[in-house]
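A.B. asks: Go ahead and model the full structure; you've got the sequences and the hints to work with.
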Amino acid sequence: MEFFKKHITFLFILFFLLPVCFNSGTDSSFSVLAVTASTPKKKQISTSKKSNTKNKKSSKNKQGKNNKKQIRTKKTQNKGKINSGNNNKKQEQTQNLESVAANPKLDYAHSSTKTVFPYKLTDFERKQIIAYEKDPNKIDVIYESPSSNKKIWFKISLLPTYEAVEGRLRDEYIHQIEKNRNKNKKWETPNPILIKEYGSKYICNGIKGTFHLTEKKHRQVRVYECGTWLFSLFLSSDNSDEDEFEKTADMIADYFKPEHLTELKPLNIKPNISFERELLKDTVFMGPMIGSGFTKLDWVRENVRENERASGFPDLYLPMHLAAMDKFLQLASKKRMSNSLQAQKYYEDLLEIKQAGFMSEFIMEQFNKVMIVPPNIKLNYDAFHQWRAGKNISVDLNKKWYIICYRK
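Counting in numbering that gives the first Met the number 0, the sequence shown tops out at residue 407, every number present.
Just so you know, the hints here were simulated from the structure itself, not pulled from any lab data. Keep in mind that this is a model prediction, so the values were computed, not measured. Watch out, some of these pointers could steer you wrong.
Simulated crosslink set (EDC-like; lysine to aspartate or glutamate; CA at most 16 Å straight-line) [claimed, not checked]:
(1) K154 - D122
(2) K113 - D139
(3) K333 - E347
(4) K399 - D170
(5) K150 - D237
(6) K390 - E347
C.D. replies: In structure tokens form, the structure reads like this:
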């Protein structure tokens, strides 16, 4: 009863106002999210000396193309005032890129974040800038070491996300790891290591994973969530020992300071929670699942500082997920779960895992072991695998019944 008293306002909205929102098409915090994605076009600006020589031969042709592009941009701007801010950023970004194309040794300033990419960074030289026409805020910048002995290069990517959905950091890290594994099938999946960057105002959570291919060949992926931005670093070396490689990765991250991206646009830590329409049709399943979602919000508010939440919804904490599971099981035990076959199977599976003492191991494996685990929780995967063998556990925690996010 205590939980339902605490969230009585939400329950009133859910049972009385929500159907009106769905029927009228009114935008609501509890509407179902639909996400579509398309592959943006890339525009590559090479900043090496060789490519600059080639560019001079066709400068007249390029100038004509650039003029045509500017005309198209102006037409887009005239369509309405709503997009004028984004178009101004795009125009500024284009001007910055054109300046660097004309003089490759200039520092490049990313207009949306004011991040400066110098031509030289210690032993590295900037070789390429990749811009995306459909998203002028997105950028990739590649650096290489001119030394033939080192064979080392890195790529910095700045990706705007506009909101921090639960699982955003983990999903991007896994995407980056799988992208590299798909290109190189023999690479073993690295163990994820959780890292934090502490700024003067904000804290950023990050994840890194390192492919150790030989004693001297290494590849590392790092991803940080920074308010409305994701910052990723990919470092590759064919001639570095492990300690030297790690120090280089730290140096690059320290130079670009991902936590400064949060300062640009910290998130509004008042959470939004959206429930799947399928869940709302199942009145038996709905109550315990709603309780699970609000337990996450309560746990985060009580255990994670505001300056960390401003960088992203902190769903990497294993205790948060354990608290949500306990709340689901507690509420579900008071329901007639047999009235819903879906709810009954979900409840019975989780209850069996809980009673066997393997809820932590189950959650960890569901989320690719990308979690912050406190020292007092001891994991025994061998015993868990032995217990689970032959059991029909169908619960999939990656199937989202609700989505939590912070917005800007």
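A.B. asks: Now tell me, hint by hint, if it's right for this structure.
C.D. replies: Hints and how they fare:
1. K154 - D122: holds, 14 Å
2. K113 - D139: Given that 16 Å is the threshold and the Cα spacing comes to 14 Å, the pair holds.
3. K333 - E347: Answer holds: K333 to E347 is near 13 Å, not above 16 Å.
4. K399 - D170: Since the Cα atoms of K399 and D170 sit roughly 13 Å apart, the hinted pair holds (cutoff 16 Å).
5. K150 - D237: holds, 5 Å
6. K390 - E347: holds, 12 Å
When the structure is compared with the earlier hints, no violation turns up for any of them.
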